[in-house]
Amino acid sequence: MKKLFALILTLAMVLSLAACGGKEEKPAETPSETPAETPAAEPTKLTLILRGGTYGDVIKAALPAFEAEHNVKCEVLDLSFDDLHTKIALNAPNPKGEYDLCMVDGSWMAEFTENGVLANLSDMGYEIDDDIIPATATIGQVDGSTYLAPYFGNVTVLLYNKQLLADAGYAIEDVDTMEDLMDIAQKTNAAGKMGYLVRGGSGDNIVSDFIPHLLAYGGWVVDENNMPTVTTDEFKAAFQNYIELYKLGDTMDKDDIVAAIDGGNAALGLGWPGWYVPTADGAADYTVMPGKLNDADSAKKTSMQGVWTIGICENSQNKELTLELLKYLMDPEVQKESVELGGVPCRYSSLLDEEVLAKYPHLEQVCGALETGVYRPVIAEWAEFTNILGTEMDAVIQGVKDMDTGLADAQAALEDLLS
Amino acid sequence: MKQAALKVNRTREPHLGERAFPRLMLAPTLIVMLVLTAYPLLFTFFYSFTDYHYLKHAHKAADFIQLENYIELFGNGYFRQAVMNTVKFTLLAVVFEMVIGLFIAVFINSLKRGQKVMRTLLLLPYLLPAVTVALSWRMMLSSNYGIVNQLFETLGLPVFNWFMDTKTAFGTVLLIDIWQNVPFVFLLLYASLQSVSESQYEAARIDGAGVIQQFWYVTIPNIKNGLALCALLRTIDTFRLFEKVNILTGGGPAGTTSTITQYLYNYGIRNMEFGFGSAGAIVMTLMVLILSSVYIKRAIQ
Chain Z
1 MKKLFALILT LAMVLSLAAC GGKEEKPAET PSETPAETPA AEPTKLTLIL RGGTYGDVIK
61 AALPAFEAEH NVKCEVLDLS FDDLHTKIAL NAPNPKGEYD LCMVDGSWMA EFTENGVLAN
121 LSDMGYEIDD DIIPATATIG QVDGSTYLAP YFGNVTVLLY NKQLLADAGY AIEDVDTMED
181 LMDIAQKTNA AGKMGYLVRG GSGDNIVSDF IPHLLAYGGW VVDENNMPTV TTDEFKAAFQ
241 NYIELYKLGD TMDKDDIVAA IDGGNAALGL GWPGWYVPTA DGAADYTVMP GKLNDADSAK
301 KTSMQGVWTI GICENSQNKE LTLELLKYLM DPEVQKESVE LGGVPCRYSS LLDEEVLAKY
361 PHLEQVCGAL ETGVYRPVIA EWAEFTNILG TEMDAVIQGV KDMDTGLADA QAALEDLLS
Chain H
420 MKQAALKVNR TREPHLGERA FPRLMLAPTL IVMLVLTAYP LLFTFFYSFT DYHYLKHAHK
480 AADFIQLENY IELFGNGYFR QAVMNTVKFT LLAVVFEMVI GLFIAVFINS LKRGQKVMRT
540 LLLLPYLLPA VTVALSWRMM LSSNYGIVNQ LFETLGLPVF NWFMDTKTAF GTVLLIDIWQ
600 NVPFVFLLLY ASLQSVSESQ YEAARIDGAG VIQQFWYVTI PNIKNGLALC ALLRTIDTFR
660 LFEKVNILTG GGPAGTTSTI TQYLYNYGIR NMEFGFGSAG AIVMTLMVLI LSSVYIKRAI
720 Q
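The listed protein sequences derive, respectively, from chains Z and H.
Just so we're aligned: 183 in this note's numbering is position 183 of the first sequence, and the numbers increase by one with no gaps anywhere.
Just so we're aligned: 588 in this note's numbering is position 169 of the second sequence, and the numbers increase by one with no gaps anywhere.
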């Protein structure tokens with residue numbers, strides 16, 4: 001009897017284990033094209049996977065109206081930069097995807113389109129309209145087809161503390177060369193504050209923070225064949241200048257950079273519009289990064305695009321309805337409303353609107369930066385590229401390696417990666 | 420007659436049902452272990468010899484590249500640095516956690532009153548998720564608005580950029596890890612101490628043993644199994660350190676806080692290079708096995 005009972009117990013355990021892995025049968029999805037005809041039906045669920053912070057918050061704020069109109073329930077996942085990339089990628093090979101609308105950083109574009117992660121929006125009938133700043137849309141296009149729509153106009157800007165800038169004897173209109181930056185940093189440092197803050201942490205942070213400096217010196221990280229160029233004279237000169245600026249300040253993470261500049265502990269640093277919303281009576285503001293080395297130099301494009309785009313996962317189970325959502329989020333009126341919540345649309349009609357500019361004059365600067373911004377190289381290995389380069393640059397900044405050795409090591413490792 | 424019957428019973432061969440029964444009882448555990456441990460381990464081992472990229476090889480087989488991943492791994496200076504950091508971190512963290520945890524456990528065990536309250540309060544850091552701990556400490560140690568630097572400034576002490584300076588980053592992460600995990604050591608050793616009979620201490624005192632002698636000749640021998648288990652668990656856990664490093668320093672500055680898991684995440688998992696990541700995981704598993712071999716050997720014996 002005891003053995004029989006034990007046998008039954010064993011079988012029950014094995015069966016329950018097997019049942020744990022069982023697949024839940026889901027009811028068939030409601031046809032997404034006709035939700036308006038069946039208002040009483042169960043709402044269709046859409047899953048949005050977004051970048052956390054202001055970038056995703058502005059989308060979340062716009063959702064209730066769409067949900068009510070289309071009988072949809074949106075579930076939103078707010079994630080960090082790395083987690084967002086990983087989750088979208090891990091979901092991609094599944095025949096039935098978990099996510100519908102995804103937020104994508106421009107630097108992932110090559111990797112995602114090469115591996116069929118994103119749906120072709122052009123094939124689905126979506127096209128970029130003329131109101132969208134053209135330079136922000138190109139990153140989402142491959143061979144004339146649109147895969148991503150530019151949603152949040154992220155572009156590198158120079159954060160500054162108004163008082164410390166004035167104390168250094170500068171008006172923001174006068175700051176147009178790299179020499180000016182150095183001068184302000186030196187004067188601020190001499191006054192006992194931090195002159196310039198560089199961003200520390202991951203390799204991607206370090207490289208992104210440095211690229212606008214490199215652009216001002218006329219350098220770039222790859223050549224026309226997408227091979228690394230991190231030992232050029234321009235690269236070394238820009239890096240030397242960057243290290244000198246660092247010595248007049250410190251290295252910090254994003255939150256500390258904003259807090260230090262806003263709190264009057266540091267004068268300058270590079271940032272992104274999503275980090276900080278300037279106000280008329282605020283202590284800090286931002287402007288475009290200088291494009292000239294000195295007064296004799298000609299201006300170059302130094303703003304680096306980091307536009308957050310939105311697209312549809314190729315394996316989404318609700319593509320048509322998600323397309324409706326994407327169109328709704330890209331609507332000029334919806335985008336204009338997002339400005340109130342810290343959104344930075346990639347539309348002229350939103351950024352140059354008189355009412356908007358009266359309240360947020362800095363958006364004119366952002367618009368200019370978005371028009372001329374430069375993209376990071378479109379290579380599938382960009383994440384590895386920044387890892388390698390950022391780590392070597394960090395070693396040089398921290399004095400662990402000298403510049404020639406660090407950059408030569410980076411060049412060799414990058415050549416190996418890209419070959 | 421009765422004795423003869425018993426003898427027959429003792430010497431007869433167990434029948435099929437009796438032989439199968441223990442195996443049957445072990446079956447669920449074996450199945451769970453096979454599915455959740457053996458299969459992933461074999462899978463990881465197999466992929467460590469391939470160039471498996473999660474996205475690129477979603478619909479096609481990965482190429483067998485023999486030992487390339489391992490060669491690349493050991494040829495990489497940053498991996499070697501991560502290994503050194505991990506070993507150094509593990510040794511320091513485990514030693515400090517064991518010493519402090521033991522000291523607290525002995526102290527709490529000696530209290531006549533308030534043991535329960537102290538026990539509960541001391542456990543709090545261990546109950547917090549590592550992510551929460553990391554974020555809280557990041558705020559407290561912020562070089563701008565952190566309470567620690569503000570306190571140092573008030574006291575006229577020098578302030579530091581704790582997580583971004585090569586001189587302080589490693590020590591700061593180590594300190595946070597020790598702060599969080601000392602309660603675990605304390606709890607395990609406190610439980611062991613509870614089982615030490617008071618009569619042994621009485622006998623030692625009668626023999627003229629002082630406090631240190633009682634600790635060395637009575638306490639330690641009685642809790643040595645608990646100490647060994649605790650050291651093993653802490654070694655394995657510390658070797659896998661990831662969240663705190665990832666949130667607080669990202670492995671920087673200049674790789675001074677990079678650990679093996681952080682390295683594998685940066686260069687393998689984050690880039691979807693699962694073949695390369697698998698090779699690193701195998702290396703890490705072997706290292707943990709070596710570190711734990713003394714205890715495992717003892718357990719088997």
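Think of the hints as simulated: they come from the structure by calculation, not from any bench.
The model shown is predicted, which means the values in this text are computed figures rather than measured ones.
Glycine included, every Cβ here is placed at the ideal spot set by N, Cα and C.
Do not rely on the hints blindly, as some may be mistaken.
With a straight-line Cα cutoff of 30 Å, these simulated DSS-like cross-link-like pairs (lysine-lysine) come out [claimed, not checked]:
no., chain 1, residue 1, chain 2, residue 2
1, Z, Lys-254, Z, Lys-319
2, Z, Lys-247, Z, Lys-236
3, Z, Lys-247, H, Lys-586
4, Z, Lys-162, Z, Lys-319
5, Z, Lys-319, H, Lys-586
6, H, Lys-535, Z, Lys-401
7, Z, Lys-162, Z, Lys-193
8, H, Lys-507, Z, Lys-319
9, Z, Lys-96, H, Lys-475
10, H, Lys-586, Z, Lys-87
11, Z, Lys-162, Z, Lys-187
12, Z, Lys-254, H, Lys-586
13, Z, Lys-300, Z, Lys-187
14, Z, Lys-73, Z, Lys-236
15, Z, Lys-236, Z, Lys-401
16, Z, Lys-45, Z, Lys-87
17, Z, Lys-236, H, Lys-586
18, Z, Lys-96, H, Lys-586
19, Z, Lys-187, H, Lys-535
20, H, Lys-643, H, Lys-716
21, H, Lys-475, H, Lys-586
22, Z, Lys-236, Z, Lys-193
23, Z, Lys-60, Z, Lys-319
24, Z, Lys-336, Z, Lys-45
25, Z, Lys-247, Z, Lys-401
26, Z, Lys-96, Z, Lys-193
27, Z, Lys-193, H, Lys-479
28, Z, Lys-193, Z, Lys-247
29, Z, Lys-401, H, Lys-586
30, H, Lys-475, Z, Lys-87
31, H, Lys-643, H, Lys-507
32, Z, Lys-73, Z, Lys-87
33, Z, Lys-162, Z, Lys-45
34, Z, Lys-359, Z, Lys-336
35, Z, Lys-87, Z, Lys-162
A few chain Z residues that face chain H, going by a derived Cβ cut-off under 7 Å, partial list only [said to hold, decoys possible]:
no., residue
36, Asp-82
37, Pro-93
38, Asn-94
39, Pro-95
40, Asn-115
These are the hints, each one checked on the structure:
Under the criterion of a C-alpha separation no larger than 30 Å, the hint pairing Lys-254/Z with Lys-319/Z is inconsistent with the structure, at around 36 Å. Distance check on the hinted pair: Lys-247/Z and Lys-236/Z sit about 16 Å apart at the alpha-carbon level, within 30 Å; holds. For a cut-off of 30 Å, the pair hint linking Lys-247/Z to Lys-586/H stands: about 16 Å separates their Cα positions. Between Lys-162/Z and Lys-319/Z the alpha-carbon distance is near 47 Å, which puts this suggested pair outside the 30 Å criterion.
The hinted pair formed by Lys-319/Z and Lys-586/H fails the criterion: a straight-line CA distance of about 52 Å is larger than 30 Å. Proposed proximity of Lys-535/H and Lys-401/Z is contradicted: the alpha carbons are some 53 Å apart, above 30 Å. Annotation: proposed proximity of Lys-162/Z to Lys-193/Z holds, straight-line Cα distance about 14 Å (limit 30 Å). Simply put, Lys-507/H and Lys-319/Z have alpha-carbon atoms about 51 Å apart, too far for the 30 Å limit, and the pair is violated.
A C-alpha spacing of about 18 Å is found between Lys-96/Z and Lys-475/H, which places the hinted pair at or below 30 Å, so the restraint holds. Taken as a hint, the Lys-586/H and Lys-87/Z pair is broken in the structure, with Cα atoms around 35 Å apart against an allowance of 30 Å. A C-alpha spacing of about 14 Å is found between Lys-162/Z and Lys-187/Z, which places the hinted pair at or below 30 Å, so the restraint holds. Distance hint between Lys-254/Z and Lys-586/H is fulfilled; the C-alpha atoms sit about 21 Å from each other, no more than 30 Å.
Using a Cα cut-off of 30 Å, the hinted pair Lys-300/Z and Lys-187/Z holds, with the two alpha carbons roughly 26 Å apart. Restraint check for Lys-73/Z and Lys-236/Z: not satisfied, since their Cα atoms lie roughly 52 Å apart, outside the 30 Å limit. Between Lys-236/Z and Lys-401/Z the CA atoms are separated by roughly 14 Å; this keeps the pair inside 30 Å, and the hint holds. Note on Lys-45/Z and Lys-87/Z: the hinted pairing holds, with a Cα-Cα distance of about 19 Å set against a maximum of 30 Å.
Distance hint between Lys-236/Z and Lys-586/H is fulfilled; the C-alpha atoms sit about 26 Å from each other, no more than 30 Å. The straight-line distance between the Cα atoms of Lys-96/Z and Lys-586/H is roughly 49 Å, outside the 30 Å bound, and the hint therefore fails. Straight-line distance between C-alpha atoms of Lys-187/Z and Lys-535/H comes to about 58 Å, which puts the hinted pair past the 30 Å bound. Proposed proximity of Lys-643/H and Lys-716/H is supported: the alpha carbons are some 16 Å apart, at most 30 Å.
Straight-line distance between C-alpha atoms of Lys-475/H and Lys-586/H comes to about 41 Å, which puts the hinted pair past the 30 Å bound. Of the pairs offered as hints, the one joining Lys-236/Z and Lys-193/Z holds, with about 27 Å between alpha carbons and a cut-off of 30 Å not exceeded. A threshold of 30 Å between alpha carbons decides the hint, and for Lys-60/Z with Lys-319/Z the separation of about 19 Å falls inside it, so the pair holds. A C-alpha spacing of about 26 Å is found between Lys-336/Z and Lys-45/Z, which places the hinted pair at or below 30 Å, so the restraint holds.
Under the criterion of a C-alpha separation no larger than 30 Å, the hint pairing Lys-247/Z with Lys-401/Z is consistent with the structure, at around 16 Å. For the suggested pair Lys-96/Z and Lys-193/Z, the alpha carbons sit about 55 Å apart, so the restraint of at most 30 Å is broken. Proposed proximity of Lys-193/Z and Lys-479/H is contradicted: the alpha carbons are some 57 Å apart, above 30 Å. Simply put, Lys-193/Z and Lys-247/Z have alpha-carbon atoms about 12 Å apart, close enough for the 30 Å limit, and the pair holds.
Distance restraint check for Lys-401/Z and Lys-586/H: the Cα-Cα separation of roughly 15 Å lies within the 30 Å cut-off, and the hinted pair is therefore satisfied. For the proposed pair Lys-475/H and Lys-87/Z, the alpha carbon gap of about 16 Å is at most 30 Å, so the pair holds. For a cut-off of 30 Å, the pair hint linking Lys-643/H to Lys-507/H stands: about 24 Å separates their Cα positions. Distance restraint check for Lys-73/Z and Lys-87/Z: the Cα-Cα separation of roughly 21 Å lies within the 30 Å cut-off, and the hinted pair is therefore satisfied.
As the CA atoms of Lys-162/Z and Lys-45/Z are separated by approximately 47 Å, the hinted pair breaks the 30 Å bound. With a C-alpha separation of about 13 Å, the suggested pair Lys-359/Z and Lys-336/Z falls inside the 30 Å cut-off, and the hint holds. Distance check on the hinted pair: Lys-87/Z and Lys-162/Z sit about 40 Å apart at the alpha-carbon level, beyond 30 Å; violated. The interface hint given for Asp-82/Z holds, since its Cβ lies 6 Å from the closest Cβ of chain H, which is under the 7 Å cut-off.
A least Cβ separation of about 4 Å between Pro-93/Z and chain H falls short of the 7 Å threshold, and the interface hint therefore holds. Taking 7 Å as the C-beta contact cut-off toward chain H, the hint placing Asn-94/Z at the interface is violated, the least distance being around 9 Å. Hint status for Pro-95/Z relative to chain H: violated, with the closest Cβ pair at about 11 Å, above 7 Å. At about 4 Å, the closest approach between the beta carbon of Asn-115/Z and any beta carbon in chain H falls short of 7 Å, and the interface hint on this residue holds.
Hint check: violations occur at hints 1, 4, 5, 6, 8, 10, 14, 18, 19, 21, 26, 27, 33, 35, 38 and 39; the rest are consistent with the structure.
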